[in-house]
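Trainee: Residue numbers (the working numbering), protein chains in the order written: chain A, 1 to 450; chain B, 451 to 916; chain C, 917 to 1190.
Hints were generated in silico from the structure; no laboratory data involved. The C-beta atom is built at its ideal place from N, Cα and C for all residues, glycine as well. Any given hint could be a false lead.
[Claimed, not checked] Derived list of chain C stretches under chain B, where covered just means 3 residues or more per stretch with a C-beta under 8 angstroms from a C-beta of chain B:
hint	region
1	960-966
2	1100-1113
[As the list claims (entries may be wrong)] Listed below are the simulated SDA-like cross-link pairs for lysine to any residue, each with C-alpha atoms no more than 25 angstroms apart in a straight line:
hint	chain 1	residue 1	chain 2	residue 2
3	B	760	C	1148
4	A	365	C	977
5	B	680	B	669
6	B	760	A	254
7	A	75	C	981
8	A	243	B	674
9	A	282	B	754
10	A	243	B	672
11	A	238	B	754
12	A	238	B	753
13	C	1106	B	584
14	C	1135	A	69
15	A	282	B	753
16	A	238	B	626
17	B	795	B	807
18	B	902	C	1018
19	A	264	B	678
20	C	1099	B	491
21	A	294	C	1018
[What the hints assert, rightly or not] Only some residues are given here: those of chain B computed to face chain C with a beta carbon under 10 angstroms:
hint	residue
22	503
23	519
24	563
25	565
26	608
27	710
28	739
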Amino acid sequence: MNMRYPSTLAALATTAMISIGAGTAAAEDYTISVWSGGTGPNDTYRIDAIKIAAGLLEEEASVRGEELNITIEGKAFDGWEEFKQAITLGAEAGNAPHVVVSGHEDIAAWAQSGLIVPIEDYVDLESWPINNIYDNLLEFASFEGTLFGLPQDAESRPFFFWRDHMSGIGYSDAQIDALPDDIQSGAYSLSNVLEDAKKIQDAGLVEAGYGFYPRASNGPDYWQFYLSFGGVMEDGGKLVFDKAAMTKFYQFFVDAVELGVTKKNHLGMSWDQWYGEVANGKAGMWHGGTWHYKRYTTSEGNDDFFGTIQFGLIPGGGSDGAANTITHPLVYLLTQQEDDDATAIAAELVKIASGPRINALHAIKSAHLGISKAEESVDLYSGDRWARVATERLLGHASAMPNNVNFGQYWEIMFGGLEASWTGQKSVADAIADVETELATTLGDRIIMR
Amino acid sequence: MAKEITDTARATPTATLSARDMAPKLTKLQKIGNSKYLGLILLAPAGVFVLLFFFIPVLLTGVFGFTNMSTATGITGGSYLANQSSMQALGDRHGFGELADQINQIAYTIDDVGLEAAAQDGVDADTLKELNTKFAGTSFDNRRDMERAIKNLDARPPNTRAVKALAKHFERSIINIRFESRQELLAAINEIGVTLTPDQQAAVIEVTYTGWVFSTDNFKRMISLPDTKKTLINTLFYVFTTLILFNVGFALVLAISTHYMDAGPSGFFRSVWLLPRITPPVLYVLMWKWLAWDTGFISAILGPFGVEPKNWLLDSPANAWTFIILINGMVGASMGMLIFSSAIKAIPKPLFYASEVDGATRAQQIRHIILPQLRFPILFITSYQTLSLMTSFEYILLATEGGPGGSTEVWALSTYFKALNNYAGALEYGYGAALALVLVIVGVVLSILYLKLFDFKTLTAPPKIE
Amino acid sequence: MTGNYRKWPIILALGILTAPIILMYFYLFLDTVTNAPPGSLVPDEFTTEHWRFLWQTIPGRPSIWLATWNTLLFASITTLIVLVVSSAAGYALSRLNMPFRAFFLGGVMVLHAFPTVTLLIAIFLILQMLGLYNTLFGVIMVKASLELPFGIWIMKGFYDTVPWEIEMAGIQDGATRFQVWTKLVLPNVKPAILALGIFSFLAGWSEFILPLVLAPDNKVQVLSVYLAALIADDNNFDMALFKSVGVFYVIPVIILFVFFQNRLMNIYSGGTKG
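Let the sequences and hints guide you as you build the complete structure.
Mentor: As structure tokens, this is what we get:
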């Protein structure tokens, strides 16, 4: 007799028997807990979508003649460190929530340690709405050929310009409008960025250190600059360290500091202050994410986003690499639980919440992008200028960080090196050498060094 | 009861032996109230706490330091999982590429064994008959095709979970299945028709295991990383600078100067300097941030003088260190201040009066009267606070998070980040435990040294009653 | 005390050095009830809006009253455990002749060297095995253990100052050592118990890292974690609100400090030698 993952088989089989002739187990009460990371006040639909889905599932059950009561307990974390700590320790203690909304990059490590179970075990991939979700997003939610979660949202990370400052250094309106195309073709590269930032600063349009105003804390965004210089994150299942690309990437930020367009101690600044400044023209150029649209127009008081800001892909590094953007989709994941029925219900809820109408609620409220083709024709979505324009300009060119068990370590080491060179702690050469050593000792043969 | 003994004893003062013989028997409780057992009982609760939350964790940390425990391996348990990456490792690391290819097949086959098993599980007979008719002997090389075939039957199972359960019966591969024990894994490999030599078995077990294993890699890594040295230097700098400047140095200044003041101002200063220690760290650091941030007090004061508002705390490593030392120092100074003050208070006043009569200046008084008395307390504070500073990281975490650029990251903070708290969620418990172990060893060695220095015997003079 | 020296230079010098602390605390209280125009240090209006968290629950966070209750529970029970266990153990180490006495005492001193916070993973495992992860009680046990070396050392120091005669007299009157302890010696170290109690309560009230890692759930959140999460939230930077919550948080500390500072300042005097 074949050996299986015994409990899953038993559970599936038993439920199959009970369910013959009926839909799901009858007259049941469930409490499903949902935790979501990196979730601010605009992102509440990450949890609320599950609540809406619960209402729908209960109605479907009553149509089938059964009684189903689902209570949703949600918890939103606005950062990532405490969230991931709570999830991992909680899971070890058997206390993990049923549904977790986290970055897709966590799938690999959590799947490996058995913290999460594949949603493919519980839902039919050819059913609605999964069969309509973008294929590449489903890829990002998979690991080892199995679909582990469902994409909760999509986004991209554009490069932003403040229109007035660009005209202030001599760009005509037509040229500014053409910037996204120039970036894409490679005509406008990262060296242009530094040049123009310096001009903007010299012209007195912005204060010193505000010419190029990057993100002030760790994030997927930095990998974009590695890609801009031709770097590759993963190849054939193994991580890749491209020394030349990484060096040029660190050097770019060091150059920015030396030119004076970026502050040496820029990292660590408060987000509140950062948002306030970029949204209102205190900076010349910066980069961020598609959800910034919502932040600028609601909390930061910018009423004329399209009139004041231009955006495009992250420029390439010149001859070394191409313009690019990274998408960092969050995914709904199911944790390993003792009560398999609850997990099955959670899977259904996640599936319903990924439907175009419900997902559009999150997409528009938080200015993330949609996850399925049908979503593009939902009125709420298609009526939103930003959603349309951003999807069209960015999403097609977006790549994602790999789902690799050791990527988290690679990421921490990469950022440590960047921080050290940026703040002048180490020279770029030293930082790269140290990163190389650390990668070799920590990851060994799991990373290819080029 | 006690009185009876006394009366009896008094009645026969000389024959104490017989008095004891004639004394009423002590009750059990009173027997317990005797020295040897009482001591152990009184110490027992403390012992339990200390055992549970000090010794056992230290032991565990020592053990974990020699493992590769992380979020990818999990803390408890581990399964055996054959998948793309483990099969690739089988080829790359062990050279069993062909074997890996053999195992790395996914197959779902409609055969009699599967049909029977499905029937036993209560799957509808019509479904199985149709399956048999249409697909007997067929193989599918992936799960989705298998499930699609089942869904396309006329007598298809009623819901998704039933479809998946049925498909599982025909799974004839081991890819992406978690086996709880190595026996199960090996048996399954046998079932799919692959035979393994003992070497191959060992290799397969090694690459498929998802849990943690013992290894000394952590220490190799620690030694080879240049950042380790940097963290060490940071820690030493931090501990000794804060110690000398504040915990001992400024504490002395405080104790001596308040000694020379009237009770009023003296009490005032002592109280104010106690405040940092008793204020909760979160609030205390918040107040310093208010002082030092771009939008804070220093920037506001210097604004009219043409100084740009900037983040005084994080502007440069020098700035950060200055504030870190100030923040921790002001907390630390209070303990020294209190101990030194009480030691000074113990100096008989006539000594001071006499020296004044002899014309001594204050400086001379300090040098010749006060400092000698403080020799022991200074030594004590030095040793106690060295240990405190070495193991503390809370204030640094709250104030700079080790920034800017890791320049204020001390060993204890580094351990916290590696093991419990970082952006990418890559928690490395094993490596963190190794780092913690180093700290424990250094701390224990230091404290034993200090104990020797203190002439431990005087602290443990045998009790006078015995 | 000594009459013929000028005092004011010292007071001035010390005053200047102390100024930052006084400044910070002054503005702490000032900012919670006033508003000032941005960039200026001088407030222009009084307001109670920074205290709105008392009657409005900030979305996504537990009610401040729940957090306060948790913190109170945490601090009090920790203090109770520390007092009971320390007074017992301190007495044993100070007065009783038991085997390995020196070993226990040395052990207490060495324990201070253990970086308990870096043993967190192992402690987490133990709590998890006991089923106490994410419970207030679990964190209480850990915190109490953390405070024990200090408590035992303090109590031992105070016991050492109690004259042997009291105990001798008690023994001669026929009391057991236990009775001597409870009825004769303990009343004599009441100041120590009070001081240690206050100290432990303050330590429990301020504790941050342990609840952060071992009891992150909203239901068991304590004020330190509540405030830290508020500050770290980059969606609403409001220094005045932070300070108001902070002041609310620090009120018991201030009260204890005002009434008992003398006790606190004398806590070390029972334990020094030389």
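Trainee: For each hint, tell me whether it holds in the structure or not.
Mentor: Outcome of the hint check:
1. 960-966: violated (count 0)
2. 1100-1113: violated (count 0)
3. 760/B x 1148/C: Between residue 760/B and residue 1148/C the Cα gap is close to 20 angstroms, so the pair holds against 25 angstroms.
4. 365/A x 977/C: holds (21 angstroms)
5. 680/B x 669/B: holds (16 angstroms)
6. 760/B x 254/A: holds (20 angstroms)
7. 75/A x 981/C: holds (19 angstroms)
8. 243/A x 674/B: Holds, because 19 angstroms separates the two Cα atoms, which is no more than 25 angstroms.
9. 282/A x 754/B: holds (21 angstroms)
10. 243/A x 672/B: Roughly 22 angstroms separates the two Cα atoms, so the pair holds.
11. 238/A x 754/B: violated (57 angstroms)
12. 238/A x 753/B: Distance of about 53 angstroms is beyond 25 angstroms: violated.
13. 1106/C x 584/B: violated (89 angstroms)
14. 1135/C x 69/A: The hint holds at about 23 angstroms.
15. 282/A x 753/B: Distance of about 19 angstroms is within 25 angstroms: holds.
16. 238/A x 626/B: holds (18 angstroms)
17. 795/B x 807/B: It holds: about 20 angstroms lies between the C-alpha atoms, which stays within 25 angstroms.
18. 902/B x 1018/C: Holds, at about 13 angstroms.
19. 264/A x 678/B: holds (24 angstroms)
20. 1099/C x 491/B: holds (18 angstroms)
21. 294/A x 1018/C: At roughly 67 angstroms apart (the allowed maximum being 25 angstroms), residue 1018/C and residue 294/A break the hint.
22. 503: holds (4 angstroms)
23. 519: holds (8 angstroms)
24. 563: This hint is violated: residue 563/B lies away from chain C, its Cβ roughly 41 angstroms from the closest one there, beyond 10 angstroms.
25. 565: violated (44 angstroms)
26. 608: violated (39 angstroms)
27. 710: Holds, because the Cβ-Cβ distance from residue 710/B to chain C comes to roughly 6 angstroms (cut-off 10 angstroms).
28. 739: holds (8 angstroms)
Comparing the model with each earlier hint shows violations of hints 1, 2, 11, 12, 13, 21, 24, 25 and 26; every other hint is respected.
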